[in-house]
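Enquirer: Sequence:
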Amino acid sequence: MMDPAALRLAADLGGTLLSGAGGGLLLVERLQAHGLPQVAVLGRDAADLREPLEAAARAQAGGLQLNLLALLPLPDCDLRAALETHRRRLGALVAALDAGLPWLGDAPMLALRLPGRITCEVPAPLAKAPMGPLEKAELKAFLPDWEKGRRKQVFRQPEWRPVPEGFETDLWPGVSLPEGAQLRVPPLELPFATPLTDALRAALRMATEAPVPFLPLPGDPAPLHALRTLTPEIAVFRGPLHAWELALANLSRLPGPPHFCARC
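The sequence shown begins at 1 in our numbering and counts up by one.
If you are wondering where the hints come from, they were derived from the structure by calculation, not from laboratory data.
Among the hints, a few may not be true.
Unchecked claim - Straight line, CA to CA, 30 Å or less: simulated BS3-like cross-link-like pairs of lysine-lysine:
{"#": "1", "residue 1": "148", "residue 2": "128"}
{"#": "2", "residue 1": "152", "residue 2": "140"}
{"#": "3", "residue 1": "152", "residue 2": "128"}
Could you put together the complete structure from these sequences and hints?
Expert: Next up, the structure:
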(Lines of atoms letter the chains of each structure in order from A; the text may use other names.)
(Lines give C-alpha, C1' and ligand atoms only; values in the text may rest on other atoms or scores of the structure.)
Protein backbone atom coordinates (compact mmCIF):
# COMPACT_ATOMS: atom_id res chain seq x y z
CA MET A 1 0.00 0.00 0.00
CA MET A 2 1.30 3.44 -0.95
CA ASP A 3 2.12 5.90 1.81
CA PRO A 4 -0.68 8.53 1.93
CA ALA A 5 1.93 11.29 2.32
CA ALA A 6 3.66 10.11 -0.87
CA LEU A 7 0.31 10.06 -2.71
CA ARG A 8 -0.43 13.63 -1.58
CA LEU A 9 3.03 14.73 -2.68
CA ALA A 10 2.55 13.11 -6.09
CA ALA A 11 -0.80 14.88 -6.48
CA ASP A 12 0.72 18.20 -5.39
CA LEU A 13 3.59 18.06 -7.89
CA GLY A 14 1.66 16.27 -10.62
CA GLY A 15 3.97 13.28 -10.58
CA THR A 16 4.02 9.50 -10.73
CA LEU A 17 5.12 7.21 -7.92
CA LEU A 18 7.60 4.57 -9.07
CA SER A 19 8.14 1.51 -6.90
CA GLY A 20 10.40 -1.51 -7.10
CA ALA A 21 13.94 -2.39 -6.06
CA GLY A 22 15.40 0.46 -4.07
CA GLY A 23 12.16 1.86 -2.73
CA GLY A 24 9.86 4.68 -3.73
CA LEU A 25 10.76 7.42 -6.20
CA LEU A 26 8.55 10.30 -7.33
CA LEU A 27 8.92 11.20 -11.01
CA VAL A 28 7.49 14.48 -12.31
CA GLU A 29 7.65 14.83 -16.09
CA ARG A 30 7.45 17.99 -18.18
CA LEU A 31 7.52 16.43 -21.62
CA GLN A 32 7.43 18.38 -24.86
CA ALA A 33 7.71 15.50 -27.32
CA HIS A 34 9.07 11.97 -27.51
CA GLY A 35 12.73 11.74 -28.51
CA LEU A 36 13.74 15.29 -27.52
CA PRO A 37 16.81 15.97 -25.36
CA GLN A 38 16.07 15.16 -21.71
CA VAL A 39 17.44 16.66 -18.51
CA ALA A 40 16.87 15.11 -15.07
CA VAL A 41 16.78 17.26 -11.92
CA LEU A 42 17.09 15.65 -8.50
CA GLY A 43 15.65 17.26 -5.39
CA ARG A 44 16.12 16.36 -1.72
CA ASP A 45 12.61 17.70 -1.00
CA ALA A 46 9.67 19.03 -3.01
CA ALA A 47 10.75 22.67 -2.67
CA ASP A 48 13.95 21.93 -4.61
CA LEU A 49 11.92 20.98 -7.69
CA ARG A 50 9.41 23.81 -7.90
CA GLU A 51 11.65 26.33 -9.70
CA PRO A 52 13.02 23.91 -12.32
CA LEU A 53 9.50 22.60 -12.96
CA GLU A 54 8.12 26.11 -13.39
CA ALA A 55 11.09 27.09 -15.54
CA ALA A 56 10.52 24.06 -17.80
CA ALA A 57 6.81 24.85 -18.18
CA ARG A 58 7.53 28.48 -19.08
CA ALA A 59 10.39 27.64 -21.43
CA GLN A 60 8.39 24.92 -23.19
CA ALA A 61 5.45 27.30 -23.61
CA GLY A 62 7.91 29.61 -25.33
CA GLY A 63 8.93 26.88 -27.76
CA LEU A 64 11.89 25.20 -26.04
CA GLN A 65 12.37 21.69 -27.38
CA LEU A 66 13.39 19.87 -24.20
CA ASN A 67 11.95 17.31 -21.79
CA LEU A 68 12.48 17.66 -18.03
CA LEU A 69 12.38 14.78 -15.56
CA ALA A 70 12.23 15.82 -11.90
CA LEU A 71 13.17 13.14 -9.36
CA LEU A 72 12.40 13.04 -5.65
CA PRO A 73 13.51 10.06 -3.52
CA LEU A 74 10.91 9.08 -0.92
CA PRO A 75 11.92 8.18 2.66
CA ASP A 76 14.11 5.05 2.90
CA CYS A 77 14.78 5.08 -0.85
CA ASP A 78 18.07 3.55 -2.01
CA LEU A 79 18.49 6.03 -4.84
CA ARG A 80 21.18 4.12 -6.73
CA ALA A 81 19.12 0.92 -6.77
CA ALA A 82 15.94 2.82 -7.66
CA LEU A 83 17.60 4.57 -10.59
CA GLU A 84 19.03 1.28 -11.85
CA THR A 85 15.53 -0.24 -11.68
CA HIS A 86 13.91 2.63 -13.59
CA ARG A 87 16.78 3.48 -15.93
CA ARG A 88 14.92 2.51 -19.07
CA ARG A 89 11.80 4.29 -17.85
CA LEU A 90 13.83 7.50 -17.52
CA GLY A 91 15.64 7.06 -20.83
CA ALA A 92 18.63 8.86 -22.34
CA LEU A 93 19.72 12.09 -20.63
CA VAL A 94 21.76 15.06 -21.75
CA ALA A 95 22.59 15.74 -18.10
CA ALA A 96 21.44 15.15 -14.53
CA LEU A 97 21.49 18.02 -12.04
CA ASP A 98 21.29 17.89 -8.24
CA ALA A 99 19.22 20.87 -7.07
CA GLY A 100 19.14 19.87 -3.42
CA LEU A 101 22.57 20.92 -2.12
CA PRO A 102 22.66 24.38 -0.48
CA TRP A 103 24.82 27.03 -2.09
CA LEU A 104 27.48 28.58 0.12
CA GLY A 105 26.11 31.86 1.41
CA ASP A 106 23.24 31.44 -1.08
CA ALA A 107 25.40 33.15 -3.73
CA PRO A 108 25.83 31.90 -7.32
CA MET A 109 28.55 29.27 -7.58
CA LEU A 110 29.23 25.85 -9.07
CA ALA A 111 30.60 22.89 -7.17
CA LEU A 112 34.17 21.81 -7.79
CA ARG A 113 34.21 18.86 -5.38
CA LEU A 114 32.23 17.37 -2.52
CA PRO A 115 33.44 15.45 0.53
CA GLY A 116 32.69 11.80 1.12
CA ARG A 117 31.74 10.20 4.43
CA ILE A 118 33.86 7.95 6.65
CA THR A 119 33.27 6.27 10.01
CA CYS A 120 35.65 5.03 12.69
CA GLU A 121 35.26 3.42 16.10
CA VAL A 122 37.73 5.89 17.58
CA PRO A 123 38.60 9.27 15.98
CA ALA A 124 41.80 9.02 13.96
CA PRO A 125 44.10 11.85 12.83
CA LEU A 126 42.91 13.33 9.53
CA ALA A 127 45.25 15.02 7.06
CA LYS A 128 44.43 18.48 5.79
CA ALA A 129 42.70 18.59 2.39
CA PRO A 130 44.94 20.01 -0.35
CA MET A 131 44.07 23.52 -1.50
CA GLY A 132 46.23 25.86 -3.56
CA PRO A 133 46.80 29.55 -2.80
CA LEU A 134 44.48 30.75 -5.58
CA GLU A 135 41.63 28.55 -4.38
CA LYS A 136 42.21 29.65 -0.77
CA ALA A 137 42.02 33.30 -1.86
CA GLU A 138 38.87 32.71 -3.91
CA LEU A 139 37.14 30.89 -1.07
CA LYS A 140 38.13 33.63 1.39
CA ALA A 141 36.75 36.31 -0.96
CA PHE A 142 33.54 34.33 -1.49
CA LEU A 143 32.98 33.86 2.26
CA PRO A 144 34.30 37.12 3.75
CA ASP A 145 32.37 36.66 7.00
CA TRP A 146 33.92 33.26 7.73
CA GLU A 147 36.89 33.15 10.06
CA LYS A 148 39.97 31.17 9.03
CA GLY A 149 39.26 28.48 11.64
CA ARG A 150 35.76 27.92 10.31
CA ARG A 151 36.98 27.57 6.71
CA LYS A 152 39.64 25.09 7.84
CA GLN A 153 37.12 23.04 9.85
CA VAL A 154 34.65 22.85 6.94
CA PHE A 155 36.92 22.58 3.88
CA ARG A 156 40.33 21.36 5.06
CA GLN A 157 40.23 19.30 8.27
CA PRO A 158 36.68 18.44 9.43
CA GLU A 159 36.01 17.31 12.99
CA TRP A 160 34.73 13.87 13.95
CA ARG A 161 31.05 13.66 14.96
CA PRO A 162 29.59 10.96 17.25
CA VAL A 163 27.21 8.50 15.52
CA PRO A 164 25.75 5.14 16.64
CA GLU A 165 28.59 3.29 14.84
CA GLY A 166 31.27 5.35 16.61
CA PHE A 167 32.37 8.55 14.90
CA GLU A 168 31.83 10.06 11.44
CA THR A 169 33.46 12.83 9.46
CA ASP A 170 33.86 14.21 5.94
CA LEU A 171 36.66 13.07 3.66
CA TRP A 172 37.65 15.56 0.99
CA PRO A 173 39.24 14.43 -2.30
CA GLY A 174 43.00 14.11 -2.00
CA VAL A 175 42.96 13.03 1.66
CA SER A 176 44.05 9.49 2.52
CA LEU A 177 41.67 7.24 4.44
CA PRO A 178 42.86 7.22 8.10
CA GLU A 179 43.91 3.90 9.60
CA GLY A 180 40.93 2.02 11.00
CA ALA A 181 38.34 4.16 9.19
CA GLN A 182 35.69 2.81 6.81
CA LEU A 183 34.66 4.62 3.65
CA ARG A 184 30.85 4.99 3.54
CA VAL A 185 30.50 7.40 0.61
CA PRO A 186 33.47 8.23 -1.64
CA PRO A 187 34.37 11.89 -2.16
CA LEU A 188 33.53 13.38 -5.52
CA GLU A 189 35.45 15.63 -7.88
CA LEU A 190 33.34 17.30 -10.57
CA PRO A 191 34.72 18.35 -13.97
CA PHE A 192 34.66 22.12 -14.41
CA ALA A 193 35.78 22.70 -18.02
CA THR A 194 33.06 20.90 -19.97
CA PRO A 195 30.17 21.98 -22.21
CA LEU A 196 27.81 21.16 -19.34
CA THR A 197 29.50 23.41 -16.79
CA ASP A 198 29.96 26.14 -19.43
CA ALA A 199 26.21 26.05 -20.07
CA LEU A 200 25.35 26.23 -16.38
CA ARG A 201 27.88 28.94 -15.59
CA ALA A 202 26.66 31.10 -18.47
CA ALA A 203 23.07 30.76 -17.24
CA LEU A 204 23.98 31.84 -13.69
CA ARG A 205 26.08 34.75 -14.96
CA MET A 206 23.27 36.07 -17.17
CA ALA A 207 20.58 35.61 -14.51
CA THR A 208 22.46 37.03 -11.53
CA GLU A 209 24.94 39.42 -13.18
CA ALA A 210 27.51 38.17 -10.68
CA PRO A 211 30.77 36.19 -10.87
CA VAL A 212 30.30 32.43 -10.67
CA PRO A 213 33.31 30.66 -9.16
CA PHE A 214 33.91 26.91 -8.89
CA LEU A 215 34.36 26.07 -5.21
CA PRO A 216 34.38 23.04 -2.91
CA LEU A 217 30.89 22.45 -1.55
CA PRO A 218 30.08 20.74 1.75
CA GLY A 219 27.29 18.21 1.35
CA ASP A 220 26.36 14.61 0.66
CA PRO A 221 27.71 13.44 -2.72
CA ALA A 222 25.84 10.09 -2.65
CA PRO A 223 22.92 11.31 -4.82
CA LEU A 224 25.32 12.58 -7.47
CA HIS A 225 27.12 9.24 -7.48
CA ALA A 226 23.71 7.61 -7.98
CA LEU A 227 22.88 9.95 -10.88
CA ARG A 228 25.97 8.67 -12.66
CA THR A 229 24.06 5.43 -13.24
CA LEU A 230 21.93 7.49 -15.65
CA THR A 231 24.56 9.73 -17.27
CA PRO A 232 28.18 10.73 -16.63
CA GLU A 233 27.19 14.38 -17.20
CA ILE A 234 26.29 15.45 -13.66
CA ALA A 235 26.48 18.73 -11.77
CA VAL A 236 25.12 20.57 -8.77
CA PHE A 237 22.92 23.46 -9.85
CA ARG A 238 20.70 26.00 -8.13
CA GLY A 239 19.55 29.46 -8.98
CA PRO A 240 16.56 31.75 -9.45
CA LEU A 241 13.79 30.94 -11.90
CA HIS A 242 15.41 32.85 -14.77
CA ALA A 243 18.68 30.98 -14.24
CA TRP A 244 16.82 27.69 -14.59
CA GLU A 245 15.17 28.88 -17.81
CA LEU A 246 18.53 29.88 -19.26
CA ALA A 247 20.19 26.67 -18.07
CA LEU A 248 17.52 24.48 -19.69
CA ALA A 249 17.79 26.44 -22.93
CA ASN A 250 21.58 26.02 -22.92
CA LEU A 251 21.34 22.29 -22.13
CA SER A 252 18.87 21.71 -24.96
CA ARG A 253 21.65 22.67 -27.38
CA LEU A 254 24.21 20.21 -26.02
CA PRO A 255 24.78 16.93 -27.85
CA GLY A 256 22.99 14.07 -26.16
CA PRO A 257 23.57 10.30 -26.13
CA PRO A 258 21.75 7.99 -28.54
CA HIS A 259 18.09 7.99 -27.61
CA PHE A 260 16.55 5.06 -25.75
CA CYS A 261 13.56 4.71 -23.44
CA ALA A 262 10.96 2.19 -22.37
CA ARG A 263 8.70 3.19 -25.25
CA CYS A 264 11.24 2.38 -27.98
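Enquirer: Are the hints correct? Go through all of them and say.
Expert: Verification of the supplied hints:
1. 148 <-> 128: Holds, because 14 Å separates the two Cα atoms, which is no more than 30 Å.
2. 152 <-> 140: 11 Å, holds
3. 152 <-> 128: 8 Å, holds
Every hint, counting from the list given before, is met by this structure.
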